[in-house]
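Heads up: the protein sequence lines correspond to chains C and H, in order.
Here the first sequence is numbered in this note's numbering, starting from 1 and rising by one per residue.
Here the second sequence is numbered in this note's numbering, starting from 1 and rising by one per residue.
For the record, the hints were derived by calculation from the structure and aren't laboratory data.
No false leads were slipped in.
Derived DEER-like restraints, expressed as beta-carbon distance ranges:
| # | chain 1 | residue 1 | chain 2 | residue 2 | range |
| --- | --- | --- | --- | --- | --- |
| 1 | C | Val100 | H | Val21 | 24 to 32 Å |
| 2 | C | Thr165 | H | Thr249 | 50 to 58 Å |
| 3 | C | Phe178 | H | Gly69 | 53 to 61 Å |
| 4 | H | Asp94 | C | Pro128 | 33 to 41 Å |
| 5 | C | Ala239 | H | Thr20 | 25 to 33 Å |
Even for Gly, the Cβ is constructed at its ideal location relative to N, Cα and C.
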Amino acid sequence: MRPWGESARTELWLLVREPTTVVFALALPAVFVLVLGSVFGDTPDQGGDVFRGVGGATYYTPAYIALAAASVGLIILPTHLAGYRERGVLRRVRGAGIPVGAVLFGQVTVATVLSLLGGALVVATAIPTIGPDTADDVLGVVVTAVVGALAFALVGLALGAALPTARAAQGAGILVWFVVFMVGGAGPPEAVLPDAMATVGDWTPLRPLVTALQDVWFGPGWNLRLLGVLGAVGLAGAAVAGWRLSRD
Amino acid sequence: MRAAGTPDVVVHGLRKSYGTVRAVADVSFEVERGEVLGILGPNGSGKTTTVECLQGLRRPDGGDLTVLGLDPRTQVRQLRRLIGSQLQDSALPDRLRVVEAVRLFASVGEGRADVDALLADWGLAAKRSAAFGTLSGGQRQRLFIALALVNRPRLVFLDEMTTGLDPEARREAWRLIARLRELGTTVVLVTHFLDEAERLCDRLVVVRDGAVVAAGTPAELVAAHGGGVTATFTADLDDAELGALPGVTSVGRRGRAYEVRGDAAALLHLGHLLVGRGTVPTDLRVHQPTLEDAYLALVGAERR
Chain C
1 MRPWGESART
11 ELWLLVREPT
21 TVVFALALPA
31 VFVLVLGSVF
41 GDTPDQGGDV
51 FRGVGGATYY
61 TPAYIALAAA
71 SVGLIILPTH
81 LAGYRERGVL
91 RRVRGAGIPV
101 GAVLFGQVTV
111 ATVLSLLGGA
121 LVVATAIPTI
131 GPDTADDVLG
141 VVVTAVVGAL
151 AFALVGLALG
161 AALPTARAAQ
171 GAGILVWFVV
181 FMVGGAGPPE
191 AVLPDAMATV
201 GDWTPLRPLV
211 TALQDVWFGP
221 GWNLRLLGVL
231 GAVGLAGAAV
241 AGWRLSRD
Chain H
1 MRAAGTPDVV
11 VHGLRKSYGT
21 VRAVADVSFE
31 VERGEVLGIL
41 GPNGSGKTTT
51 VECLQGLRRP
61 DGGDLTVLGL
71 DPRTQVRQLR
81 RLIGSQLQDS
91 ALPDRLRVVE
101 AVRLFASVGE
111 GRADVDALLA
121 DWGLAAKRSA
131 AFGTLSGGQR
141 QRLFIALALV
151 NRPRLVFLDE
161 MTTGLDPEAR
171 REAWRLIARL
181 RELGTTVVLV
191 THFLDEAERL
201 CDRLVVVRDG
211 AVVAAGTPAE
221 LVAAHGGGVT
231 ATFTADLDDA
241 ELGALPGVTS
251 VGRRGRAYEV
261 RGDAAALLHL
271 GHLLVGRGTV
281 PTDLRVHQPT
291 LEDAYLALVG
301 AERR
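When you get a sec, could you build the whole thing from the sequences and use the hints?
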C-alpha cells in the first residue's frame with residue numbers, strides 16, 4: 001500500500017502549490033458568495049419564484065459549496081492530469097513500477113478534499129458576514145457535498161485523460177466552468193433563466209449538485225434521485241478516464 | 001528461477017507496429033549480466049519502442065522477450081520491482097521537490113530506502129528541497145538516475161539520457177554510468193551519440209528501420225564496417241607495387257598524390273616500403289576508421 005499513500009501525499013502537496021487551486025477552489029467561491037449574498041441580502045423570497053422561497057444568502061451558500069467542487073473537477077484536476085500526460089510523468093511513474101491507479105487515486109482523493117475545503121470556506125465566510133439560514137440537515141449537506149465532490153473529481157479525471165495538454169485542459173476547463181457557473185445554478189437562479197438556458201443548465205452536472213445541496217440545506221431534505229444522478233456522472237467519468245488512459 | 005549464466009535480457013524476433021506504421025520489424029539481441037549494452041540507431045529506427053517493450057510499457061505484436069527471467073507481457077509487476085528506468089521525453093512535475101520524488105519512487109521498493117544517503121551519493125544533498133523545475137539539466141539527469149536506482153535494480157534502462165545536456169553535464173552522466181558498471185548493474189543504454197556509445201558500452205547493437213543491422217564490441221564494428229585505414233601522401237612510386245602490398249584494398253592516385261586503403265597490416269607494409277625506398281613523405285596522413293565511419297556505413301547509406 002506504500003505507493004498509494006505516498007502518491008496521495010505527493011499529490012496533496014503538488015495541488016496545494018498550484019496557484020489556480022487557491023484561486024478557483026478556495027478563493028473564488030468564497031468571494032462570490034460574499035458578493036452575491038451582500039447584493040441580494042437574505043430576505044426570504046415570499047413567492048418562491050426566484051430563490052426557492054428563501055433569501056439570496058441562504059440560496060447561494062449551498063450553491064457555492066457546489067461551485068467549489070465544479071472548479072476542482074472542471075479546471076484544477078484536468079489541468080493537473082493533462083499536464084502529467086503531456087510531460088510524460090505518467091510514463092515515468094509507470095516505468096518505475098508505481099501503479100498509475102495510485103497516482104489517480106491520490107489525485108481524486110486530494111481533489112475531493114480540496115472541494116470540501118473550498119465548500120467549508122464558503123460556509124465559514126457566509127455565516128458571519130451575509131447571515132444565511134443555517135443548514136436544516138448538516139449530515140445531509142456533508143454527505144451530498146462528498147458525493148458531489150467525488151463525482152466532479154471523476155469528471156475531472158475524464159477531462160484530464162481526454163484533453164491533450166495542460167493548456168488545452170485549462171482553456172477548455174475555464175470555458176466549460178463559466179457556462180456551467182452561469183446556467184447550472186450558481187449564477188442567476190434557475191427560475192429567472194430563459195427556458196433554453198435553464199434546459200442547458202439541467203444537463204450540466206452542477207445543477208443536480210446545487211439542487212441536492214439546497215434540498216438538504218433549506219428544502220425538502222435528502223434528494224436520493226439527484227444523488228443517484230451524481231453517482232452516475234462520477235461512474236461515467238471514471239469509465240471514460242479508465243478507457244482513455246488505458247490507450248495512452 | 002533463472003539459471004546461472006542466463007543473459008539478463010533475451011529478445012528474439014521482436015515486432016511492434018503503431019497502426020500502419022511499423023516501428024520494430026525484427027529485433028533480436030541478448031544482454032549479459034553486468035554488461036553495458038548500447039542500442040544505436042537514427043531517430044525513428046525503433047530503439048525506444050524496443051526498450052519500452054522490454055520494460056512492459058508497450059505490448060509487442062510478436063517475438064520472444066525475457067527480462068531477468070520474466071516475461072514483460074505477463075509478469076510486468078514482478079519485473080518492475082527489479083528494473084530501473086530513465087525514459088526518453090518524460091519529466092516530473094515542476095513543483096515536485098527532489099526529496100518528495102525520491103520518497104515516491106522508493107515507495108514501490110521493499111524496505112526503506114536511505115533517501116539522504118542516495119541524495120548525497122548523487123550530489124543532490126544541497127538540492128534536497130529544490131523543486132524539479134528549478135534544477136539544471138545535469139541535476140535533473142542525476143535525479144533521474146538516482147530515481148532509476150533507488151530500489152537497487154539489477155538492470156537499468158537509460159534512454160537518451162544525455163540528449164539536450166551541455167558537454168560538462170554529459171561528461172558527468174558518463175561518470176555516473178561508469179559507476180553503475182562498477183556496481184555490477186546491467187545497463188541498456190539507448191543513444192545516438194557515438195562517442196558516448198564507444199566510451200561506455202561493452203557491446204553495441206545497431207538498429208535501422210526497426211531491425212538489427214550489426215552487433216558487436218565497438219572495436220569489432222569499426223573493424224568490420226569502418227572501411228579500413230586510409231593513408232594519403234605524395235611520392236614517386238609504382239601503383240602496381242603498392243597494390244600488391246599485403247592488406248591493401250585500393251590505390252588511388254592524382255599526379256604524385258596517393259590514397260592507399262587497407263587494413264592495419266597494409267599500413268605497416270606501406271611504411272616499410274617507403275622507408276626501404278628512402279622516401280619519407282612529409283605530408284603523410286593516416287586516417288583510422290572510427291565508430292562514426294562504421295555507423296554511417298551501416299545506417300547512413302540510404303540517408304545521405
